[in-house]
Amino acid sequence: MLDIKFLRQNLDFVRTRIAERGQDIDLDAFVRLDGKRRDILQEVEALRNERNAVSKQVGEKKKRKEDSQDLISRMGEVSARIRELEDALKGTEEHLQNLLMTIPNIPHESVVCGTNSEDNPVIRVWGEKPKFESAPKPHWEIGENLNILDFARGAKIAGARFTLYRGAGAMLERAIVNFMLDLHITEHRYTEILPPFMANRESMTGTGQLPKFAEDLFKIENQDYYLIPTAEVPVTNIHRDEILDEKILPVYYVAYSPCFRAEAGSYGKDTRGLIRQHQFNKVEMVKFTTPETSYDELEMLTLNAEEVLKRLNIPYRTVSLCTGDLGFSSAKTYDVEAWLPGQETYREISSCSNFEDFQARRASIRFRRTSTGKLEFVHTLNGSGLAAGRTLVAVLENYQQADGSVVIPDALRPYMRGMDKIPAA
RNA sequence: GGAGAGAUGGCUGAGUGGCCGAAAGCGAUCGCCUGCUAAGCGAUUGUACGCCCUAUAAGGUGUACCGCGGGUUCGAAUCCCGCUCUCUCCGCCA
Numbered sequence: 167m168l169d170i171k172f173l174r175q176n177l178d179f180v181r182t183r184i185a186e187r188g189q190d191i192d193l194d195a196f197v198r199l200d201g202k203r204r205d206i207l208q209e210v211e212a213l214r215n216e217r218n219a220v221s222k223q224v225g226e227k228k229k230r231k232e233d234s235q236d237l238i239s240r241m242g243e244v245s246a247r248i249r250e251l252e253d254a255l256k257g258t259e260e261h262l263q264n265l266l267m268t269i270p271n272i273p274h275e276s277v278v279c280g281t282n283s284e285d286n287p288v289i290r291v292w293g294e295k296p297k298f299e300s301a302p303k304p305h306w307e308i309g310e311n312l313n314i315l316d317f318a319r320g321a322k323i324a325g326a327r328f329t330l331y332r333g334a335g336a337m338l339e340r341a342i343v344n345f346m347l348d349l350h351i352t353e354h355r356y357t358e359i360l361p362p363f364m365a366n367r368e369s370m371t372g373t374g375q376l377p378k379f380a381e382d383l384f385k386i387e388n389q390d391y392y393l394i395p396t397a398e399v400p401v402t403n404i405h406r407d408e409i410l411d412e413k414i415l416p417v418y419y420v421a422y423s424p425c426f427r428a429e430a431g432s433y434g435k436d437t438r439g440l441i442r443q444h445q446f447n448k449v450e451m452v453k454f455t456t457p458e459t460s461y462d463e464l465e466m467l468t469l470n471a472e473e474v475l476k477r478l479n480i481p482y483r484t485v486s487l488c489t490g491d492l493g494f495s496s497a498k499t500y501d502v503e504a505w506l507p508g509q510e511t512y513r514e515i516s517s518c519s520n521f522e523d524f525q526a527r528r529a530s531i532r533f534r535r536t537s538t539g540k541l542e543f544v545h546t547l548n549g550s551g552l553a554a555g556r557t558l559v560a561v562l563e564n565y566q567q568a569d570g571s572v573v574i575p576d577a578l579r580p581y582m583r584g585m586d587k588i589p590a591a
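Residue numbering for the first sequence follows our numbering, starting at 167 and increasing by one per position.
The reader is advised that the hints may include incorrect statements.
Below, in silico cross-link-like pairs of lysine-lysine (BS3-like), each with a Cα-Cα straight-line distance of 27 Å or less [stated by the list, open to error]:
1) K435 with K378
2) K435 with K385
3) K587 with K476
4) K295 with K587
5) K322 with K385
6) K295 with K435
7) K256 with K378
8) K256 with K171
9) K540 with K303
Pairwise CB distance ranges (calculated) [to be verified]:
10) T357 with P580: 15 to 25 Å
11) D236 with Q189: 48 to 58 Å
12) F172 with F328: 16 to 26 Å
13) I359 with R579: 43 to 53 Å
14) F384 with A246: 13 to 23 Å
Calculated directly from the structure, the hints in this document are not laboratory data. Every residue, glycine too, gets a C-beta built ideally from N, C-alpha and C.
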């Protein structure tokens, strides 16, 4: 959510920046509602002022045993009028709030203008792509040949876009998660969190999933619970409605969680394999920082994500999302894309974003700055560190051997009971 | 699932219809004092929104806020109703 005062004073600037995202937001409606709200507010506050003053007089007259029936009956009318205005005010404020909630964040000045992912500038390229004598296979073939990924059974049990992992496949996914958590908590100094995997409406609103993207979420029937689409939701909401001590900033959290996404509107996309699932595992890093450090923290966060791929020796590149590709709540996002030889393409495996105060304002996460004594919103950031399912895909495709086996990357062997390869069946 | 208790400022905790934006304590900030990162003394210390003024500073002023939402009343932290959450006991249970 944007600062309403900022929006009021910088309408044209906001209009331009939102347009660069390829979004069309009705800011004229905002101006109208905002003006209406203030008109009503002024009238109702003047009447309340009168009521408060007269009520005080009534109290004093009563004490002196004087009659005040005329005042009382007049105030009855005033109160009725106040009630009317309050209803109107409430309606207007709801409209205004709903509108405000659907306005995306302003892109950071360093974000390039573009329309889609093809306009994303490449920031870094790392690693050497593996060479294969014969054409490398896509992970779904490797996984099925090794009997470690079972797409048919996943579909039978739950439906399309669900996968059953078996044997070394299941262990490999678990190894990837544990390896990543250990790296971040020991070397990158994050605090491990294991959050609830469901969250309520308020939490979903705080991080920006609601109200605009309800169709992307799984909701529990007849309950105010949603399955989390990412650990970002519960972990960022750890500090919702809190005032943090400036001294504890920056705060670093890392959490494993399964992620549940309805993937509405993605029919026909990435239907094969593990790339696009209704349920997948992810390790997520979340930071709370002061405003002046958040962009440095974003750089470090992104490097933390990249470090996982370096340790696994998987080639990747990092791109900076252009305005047209930027997520709703984000001011700036780096995507880390792993090389997938079986599909001859780079695929997103991590997304690292600075939301500035956009989520903090929605979720009311503040800190008191000691130098001024004033409350300010923190900046929130998060990034995948990494998506576990897609990491498994990258391992299978990059480490596949001509005989059909898959070598286990050195960094994962301690987590695989010393196993050095998954032998061909 | 059943019975009971509770929810007040950054924290602890008073307050059962007007004198309450709210005692007291803690914490924090500033100043003083003190021969050594102890103690003491004094002052200050809520947020949001609107309006005025103005340099988008400071200041002034109004309104709202004592878990959330309704109601009673001229007037509600205080009375009534509903909800949420926390705690205790009973039942059930991985």
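_With the threshold set at 27 Å, check whether the alpha-carbon distance from K322 to K385 stays at or below it._
22 Å, holds
_Tell me if the straight-line CA distance from K435 to K378 falls inside 27 Å._
22 Å, holds
_Range hint compliance [Cβ, D236 to Q189, 48 to 58 Å]_ = 57 Å, holds
_Hint consistency between K435 and K385 [alpha-carbon to alpha-carbon, up to 27 Å]_ = OK: K435 and K385 at ~23 Å, within 27 Å.
*Does the alpha-carbon distance linking K256 and K171 stay inside the 27 Å limit?*
Since the Cα atoms of K256 and K171 sit roughly 19 Å apart, the hinted pair holds (cutoff 27 Å).
*asked:* What's the verdict on K295 and K587, does the C-alpha distance respect the 27 Å limit or exceed it?
replied: 20 Å, holds
*Is the hinted pair K587 and K476 satisfied, with a Cα-Cα distance of at most 27 Å?*
19 Å, holds
*Starting from the hint 13 to 23 Å, judge whether the C-beta atoms of F384 and A246 obey it.*
With a Cβ separation near 46 Å, F384 and A246 fall outside 13 to 23 Å, so the hint is violated.
*Taken at face value, is the distance from the CA of K378 to the CA of K256 at most 27 Å?*
21 Å, holds
_Pairwise hint evaluation, K303 against K540, where the allowed Cα distance is 27 Å at most_ = The hint is violated at about 58 Å.
*Within a Cα-Cα threshold of 27 Å, do K295 and K435 meet the stated pairing?*
Holds, at about 25 Å.
*In this structure, is the beta-carbon distance linking I359 and R579 contained in 43 to 53 Å?*
27 Å, violated
Checked against the numbered hints above, the structure breaks hints 9, 12, 13 and 14 and satisfies the rest.
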